[in-house]
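First to last, the sequence lines map onto chains D and F.
If you're matching positions, the first sequence starts at 1 in the numbering used here and goes up one per residue.
If you're matching positions, the second sequence starts at 113 in the numbering used here and goes up one per residue.
You may find that some hints are simply not true.
Cross-link-like lysine-lysine pairs, in silico, DSS-like; alpha carbons within 30 Å at most [to be verified]:
1. Lys53/D x Lys154/F
2. Lys170/F x Lys57/D
3. Lys170/F x Lys3/D
4. Lys55/D x Lys221/F
5. Lys154/F x Lys57/D
6. Lys3/D x Lys161/F
7. Lys181/F x Lys221/F
8. Lys181/F x Lys55/D
9. Lys71/D x Lys57/D
10. Lys18/D x Lys224/F
11. Lys70/D x Lys161/F
12. Lys55/D x Lys161/F
13. Lys13/D x Lys154/F
14. Lys18/D x Lys55/D
15. Lys57/D x Lys221/F
16. Lys161/F x Lys71/D
17. Lys3/D x Lys221/F
Hints in this document: simulated from the structure, not taken from any laboratory.
Residue-level listing of the chains:
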Amino acid sequence: DVKVTQSSRYLVKRTGEKVFLECVQDMDHENMFWYRQDPGLGLRLIYFSYDVKMKEKGDIPEGYSVSREKKERFSLILESASTNQTSMYLCASKRRYNSPLHFGNGTRLTVT
Amino acid sequence: AQSVTQLDSHVSVSEGTPVLLRCNYSSSYSPSLFWYVQHPNKGLQLLLKYTSAATLVKGINGFEAEFKKSETSFHLTKPSAHMSDAAEYFCVVSPLYSGAGSYQLTFGKGTKLSVIP
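Using the sequences and the hints given, assemble the complete structure.
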């Protein structure tokens, strides 16, 4: 079974802090994704990566950056956390083309 | 371009009665279609997928979905609801083949399923 592991289930940070959300997958998937999920807005894509060191902006990249130095690891970085980044963050991975996404359990981030 | 519409934001059924969660899609490409389930404070779990093989797709936990190209629909059904089925369900579309946008998946807004004892 594919396993996607997000390093933290719950995180509380202060406004202005630099925040790192880590995600690791164990199935050698080429593609990795970061989404945020908010009530009434559904899932929105922040960034995705289709190969090591390659990244593409999603629908809402502002205020975020990503890093993919190794195939199995995809990090989401909040350069200066703000209260409007309080959300559930979901990492996912997949093989190419018509294969399904596999999700981690999510990180619920609160910025105070 | 592609889009997904989940026709009901909330569905309520009695335990033991059938479940129907509706999903319509549009896509410029031949689509792959997926249904996911999300229990509270959890990630999304794949229920089933359609990728151009049989149009009637069976998934986990007794769920199934039928791809109807003429109706651009991919509705999720289950003959008999259990309490444990109470969750949020997402319909997802992506291009079937490689090419521009093949990494992009489009999610529906979700349908919350309540199961009444």
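Tell me, which hint numbers fail for this structure? Those not satisfied are hints 2, 8 and 10.
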